[in-house]
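Number of protein chains: 2
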Amino acid sequence: MKEPVFLEGVVTLDRTGQVPLAEQIYRGFRNAVRSGLLRSGTRLPATRRLAQSLGVGRNTVNVAYDLLQAEGIVVLRPGAAAQIADELSLEGEGAKPVAPPLVTGLSARGKRLSENLRGPGRSEQHIAFQPGAPALDCFPYEDWARCLRRAARLERGDTMLYRHYAGIPALRRQLVDHLAIERGVRATPDQILITSSMQASLFLLAQALADPGDEAWLEEPGYIGARTAFHTAGLTIRPMAVDRDGADPKTIVPSGNRSRLIYVTPSHQFPFGARMPLARRLVLLEQAGKAGAVVLEDDYDSEFLFEGRPVAALYGLAEEGRVVYMSTFSKSLMPGLRIAYCVVPECLAERLSQGVRNMGCAANVQTQAALAHFMDSGGYRKHLKTIMQIYLERGSALVAALKNRLGDRISVEAPAGNVQVTLAFRQPVDDVAISAAMHRHGFSVSPLSSYYVGENAKPGLVIGFAGASMKEIETGVQTLARLLDDAERTSKAAFVERRPG
Amino acid sequence: MKEPVFLEGVVTLDRTGQVPLAEQIYRGFRNAVRSGLLRSGTRLPATRRLAQSLGVGRNTVNVAYDLLQAEGIVVLRPGAAAQIADELSLEGEGAKPVAPPLVTGLSARGKRLSENLRGPGRSEQHIAFQPGAPALDCFPYEDWARCLRRAARLERGDTMLYRHYAGIPALRRQLVDHLAIERGVRATPDQILITSSMQASLFLLAQALADPGDEAWLEEPGYIGARTAFHTAGLTIRPMAVDRDGADPKTIVPSGNRSRLIYVTPSHQFPFGARMPLARRLVLLEQAGKAGAVVLEDDYDSEFLFEGRPVAALYGLAEEGRVVYMSTFSKSLMPGLRIAYCVVPECLAERLSQGVRNMGCAANVQTQAALAHFMDSGGYRKHLKTIMQIYLERGSALVAALKNRLGDRISVEAPAGNVQVTLAFRQPVDDVAISAAMHRHGFSVSPLSSYYVGENAKPGLVIGFAGASMKEIETGVQTLARLLDDAERTSKAAFVERRPG
Numbered sequence: 063m064k065e066p067v068f069l070e071g072v073v074t075l076d077r078t079g080q081v082p083l084a085e086q087i088y089r090g091f092r093n094a095v096r097s098g099l100l101r102s103g104t105r106l107p108a109t110r111r112l113a114q115s116l117g118v119g120r121n122t123v124n125v126a127y128d129l130l131q132a133e134g135i136v137v138l139r140p141g142a143a144a145q146i147a148d149e150l151s152l153e154g155e156g157a158k159p160v161a162p163p164l165v166t167g168l169s170a171r172g173k174r175l176s177e178n179l180r181g182p183g184r185s186e187q188h189i190a191f192q193p194g195a196p197a198l199d200c201f202p203y204e205d206w207a208r209c210l211r212r213a214a215r216l217e218r219g220d221t222m223l224y225r226h227y228a229g230i231p232a233l234r235r236q237l238v239d240h241l242a243i244e245r246g247v248r249a250t251p252d253q254i255l256i257t258s259s260m261q262a263s264l265f266l267l268a269q270a271l272a273d274p275g276d277e278a279w280l281e282e283p284g285y286i287g288a289r290t291a292f293h294t295a296g297l298t299i300r301p302m303a304v305d306r307d308g309a310d311p312k313t314i315v316p317s318g319n320r321s322r323l324i325y326v327t328p329s330h331q332f333p334f335g336a337r338m339p340l341a342r343r344l345v346l347l348e349q350a351g352k353a354g355a356v357v358l359e360d361d362y363d364s365e366f367l368f369e370g371r372p373v374a375a376l377y378g379l380a381e382e383g384r385v386v387y388m389s390t391f392s393k394s395l396m397p398g399l400r401i402a403y404c405v406v407p408e409c410l411a412e413r414l415s416q417g418v419r420n421m422g423c424a425a426n427v428q429t430q431a432a433l434a435h436f437m438d439s440g441g442y443r444k445h446l447k448t449i450m451q452i453y454l455e456r457g458s459a460l461v462a463a464l465k466n467r468l469g470d471r472i473s474v475e476a477p478a479g480n481v482q483v484t485l486a487f488r489q490p491v492d493d494v495a496i497s498a499a500m501h502r503h504g505f506s507v508s509p510l511s512s513y514y515v516g517e518n519a520k521p522g523l524v525i526g527f528a529g530a531s532m533k534e535i536e537t538g539v540q541t542l543a544r545l546l547d548d549a550e551r552t553s554k555a556a557f558v559e560r561r562p563g
Numbered sequence: 063m064k065e066p067v068f069l070e071g072v073v074t075l076d077r078t079g080q081v082p083l084a085e086q087i088y089r090g091f092r093n094a095v096r097s098g099l100l101r102s103g104t105r106l107p108a109t110r111r112l113a114q115s116l117g118v119g120r121n122t123v124n125v126a127y128d129l130l131q132a133e134g135i136v137v138l139r140p141g142a143a144a145q146i147a148d149e150l151s152l153e154g155e156g157a158k159p160v161a162p163p164l165v166t167g168l169s170a171r172g173k174r175l176s177e178n179l180r181g182p183g184r185s186e187q188h189i190a191f192q193p194g195a196p197a198l199d200c201f202p203y204e205d206w207a208r209c210l211r212r213a214a215r216l217e218r219g220d221t222m223l224y225r226h227y228a229g230i231p232a233l234r235r236q237l238v239d240h241l242a243i244e245r246g247v248r249a250t251p252d253q254i255l256i257t258s259s260m261q262a263s264l265f266l267l268a269q270a271l272a273d274p275g276d277e278a279w280l281e282e283p284g285y286i287g288a289r290t291a292f293h294t295a296g297l298t299i300r301p302m303a304v305d306r307d308g309a310d311p312k313t314i315v316p317s318g319n320r321s322r323l324i325y326v327t328p329s330h331q332f333p334f335g336a337r338m339p340l341a342r343r344l345v346l347l348e349q350a351g352k353a354g355a356v357v358l359e360d361d362y363d364s365e366f367l368f369e370g371r372p373v374a375a376l377y378g379l380a381e382e383g384r385v386v387y388m389s390t391f392s393k394s395l396m397p398g399l400r401i402a403y404c405v406v407p408e409c410l411a412e413r414l415s416q417g418v419r420n421m422g423c424a425a426n427v428q429t430q431a432a433l434a435h436f437m438d439s440g441g442y443r444k445h446l447k448t449i450m451q452i453y454l455e456r457g458s459a460l461v462a463a464l465k466n467r468l469g470d471r472i473s474v475e476a477p478a479g480n481v482q483v484t485l486a487f488r489q490p491v492d493d494v495a496i497s498a499a500m501h502r503h504g505f506s507v508s509p510l511s512s513y514y515v516g517e518n519a520k521p522g523l524v525i526g527f528a529g530a531s532m533k534e535i536e537t538g539v540q541t542l543a544r545l546l547d548d549a550e551r552t553s554k555a556a557f558v559e560r561r562p563g
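Chains A and B, in that order, are what the protein sequence lines are. Quick note: to get the working numbering, add 62 to the position in the first sequence (first position is 1). Quick note: to get the working numbering, add 62 to the position in the second sequence (first position is 1).
Extracted from the complex, chain A is given alone in its bound form:
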């Protein structure tokens, strides 16, 4: 019996218990065959002998040999020595190592799909002032944990299998009632699509309603998530001016038949906060009709505007099929729940629901069931009341501190809702540099200029207040004032240096 002398070198055992010994023996042989060290017909040592030389139980070697046989690497015959399979040499021209492959890269589409339009990522440490983030300290962890546990125990039916991709019936029904009462949106449960995020809704709608090269209108400045979805879909992005009444639809210039989408935040313009008046809403719908475009109404924070009741959604003013209504639980509850929804035209509901399935962006079922119960039991409404009060306090404190410290260097208005305020600098300031400096001090503000697509970006900062403590507000605004002083001194010095002789 010919037995290769290097056999023990083939198998190097790691006895830390991480990988079963049989598995290691099996892998050693497999690699040896693959690298050409062991060839077809080579006989393997008897199990007893290999077990002895490796210091393992005989059964361990048996298991390894079984694995090798199962994979067609080794042939075991009763009464004969195990040997490397013959067939290997027939089909096994590939048994020599393959040439190192070129690293395969992204497709042209993939480059767009994986681009980061938001600028540098946030640090992994906790930092204050993140725009768009709700307060970690206001989430009803105990109540929610109970809802979730309840859902996990009760939800034992087919909802947990491959169905209801666009949302479970219980949550859709809750949303139908909620939307009718709170937002003036009338819809059937089938028209409500529940997805894993606002971003998934935007991605789906951009892809499903427009082809590459089509135009999408975006508020200027506007939401980067919408810009990302349109960019990803290969659309041509056209900016729509924003003034004190929100997006100005008169700046929409239809070009041929290619305007397919108009993205707006009429309840509370992102990031400035304007509420769009009725007259303008009607003009917007008319412009959309002329252009043959669908309006995507992002109603991300209307549930907790501070002053009075929010106005009804644009959706309720429009003819069927003209407006898609979109919202999320990221602001009113938590982004980590990964749950958002949209209301789509009846005639497209079935197809777009299949789109959610095909894209794979369905929301976790137990979270949906927990949320349906949380809404039904009144917990959600109670939570909204709580955060509205706290956010109003924090937002007012931030704006007071900003006005107090920065006075006429900025313009900023008391927040009408939401989780952030936007300030504009009255003088030219490099807001990207200021944001980066703030970030180094532990404050995650965003430069206003990054929310613009076109050339006429204004400098400013978007500052999240929802999760900020009074201490963080005080320190953050102090830090900002100091950084602005430094920047001003530096730029004056540079100006002096640059003056002729």
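Careful, some of the hints might be misleading.
As the list claims (entries may be wrong) - With a straight-line Cα cutoff of 35 Å, these simulated DSBU-like cross-link-like pairs (lysine-lysine) come out:
| id | chain 1 | residue 1 | chain 2 | residue 2 |
| --- | --- | --- | --- | --- |
| 1 | A | Lys312 | A | Lys444 |
| 2 | B | Lys352 | A | Lys173 |
| 3 | A | Lys465 | A | Lys533 |
| 4 | A | Lys173 | B | Lys173 |
| 5 | A | Lys447 | A | Lys465 |
| 6 | A | Lys173 | B | Lys312 |
| 7 | B | Lys554 | B | Lys520 |
| 8 | B | Lys173 | B | Lys352 |
| 9 | A | Lys312 | B | Lys173 |
| 10 | A | Lys173 | A | Lys520 |
| 11 | B | Lys447 | B | Lys173 |
| 12 | B | Lys554 | B | Lys312 |
| 13 | A | Lys444 | A | Lys465 |
| 14 | B | Lys447 | B | Lys465 |
| 15 | B | Lys173 | A | Lys352 |
Everything labelled a hint here was simulated from the structure, so no lab data went into it.
Starting from the structure of chain A, add chain B where the hints point.
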């Protein structure tokens, strides 16, 4: 004071309490303005008077008027009657009803994105034998509910905010260990992307790694979810023959440089169940290298193969960047958790991770945290052992019943794992018709022919056994036998009829 006589008709109150009365009054006026019934400058009745005539409190009318003012529809001046705003008439050419819009349809891409390649949907009632579904009666509801509640109570940090889109660190670390020990897959945590489903992973990779018109190779027959992802991405789908050793890579004919993706299920070919031998795996990698394609290895059920240990993943045999490894918790736990993952090349990890964020298909954070704990505490391993035993029993019972009742009319093999078996008919049978008939009897089998892309589809059935009771297995197979008898009689009768008289 001119006061329109129809004013009371403008507002029709519904007193069931569904919508606040003030909201209804506000809506009534808004609609009246919109429809042109009320024009700019029209004075509104005094609040007291309107309150009387509607039979509501005066404060209710005040709230409604405040809402109308907030939206710019009404102007309130101290000491003067409220009136419809002037501005409305200026900007308000649009205040006349807009023309009914054309129903805006799907884009060309949207039609693909929302297509259903799986055939008619399943009924909402519970039916047995659904392929791919795990057992509802084996899920550890109580243990899982505790893990979920624990996660919801403990996960109070920044993981719940806008970060970790491609998976929380705790679960990624668990998966690194799990994959190394169980599947021979070595990866860093950054290479692991956690998504909302296998479908989302496939969608992302198809879009990110191939452009429209590029080729993707698919097992024939093969997984419809992969076909859907490729179809949705506008790829040209090319079939790869399948035999008793799984997909045959020799049938891959590289055409230019356009083959970008090769989708395989080497551990357990879907739907037939073959395990691909080592020699063939090496040929597959070589062919992929020649074609410049990435292999998508779908390892959907390797964690619970019944016989012996599963062989290591193809991933471990390949050079960096050649294979993307994909798996899901839909089979080992539940589809409703909406959680899956893939292992991508290091050089693409950051971009693809951004792709998950841009697509919005992140998984629920509390579920991720619960799963990390479930794996760490040994609960997951214990659960796998349990279902392996039960699935083996159910699968064996189904195959025994099929062989017993249908004998030589079918060929079927004992399941080597997984949650379904595939039988092939030895005679020509309309498997779509048989499946539809079975469905009407409450058995959700799938026609084998629907898993083929090309012309040479074989008739057969894919039958899920994981969730089937012994009674359902018995009744289901009886029903199938009877339906086959009926079909045979009908086709013989038709043959007799068609014979020349």
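Each hint tested on the structure:
1. A:Lys312 with A:Lys444: 40 Å, violated
2. B:Lys352 with A:Lys173: 24 Å, holds
3. A:Lys465 with A:Lys533: 17 Å, holds
4. A:Lys173 with B:Lys173: Answer holds: A:Lys173 to B:Lys173 is near 23 Å, not above 35 Å.
5. A:Lys447 with A:Lys465: 27 Å, holds
6. A:Lys173 with B:Lys312: 31 Å, holds
7. B:Lys554 with B:Lys520: 21 Å, holds
8. B:Lys173 with B:Lys352: 34 Å, holds
9. A:Lys312 with B:Lys173: 31 Å, holds
10. A:Lys173 with A:Lys520: Distance ~28 Å between A:Lys173 and A:Lys520 Cα, so the pair holds.
11. B:Lys447 with B:Lys173: 43 Å, violated
12. B:Lys554 with B:Lys312: 40 Å, violated
13. A:Lys444 with A:Lys465: 32 Å, holds
14. B:Lys447 with B:Lys465: 27 Å, holds
15. B:Lys173 with A:Lys352: Satisfied, since the Cα-Cα distance of roughly 24 Å is no more than 35 Å.
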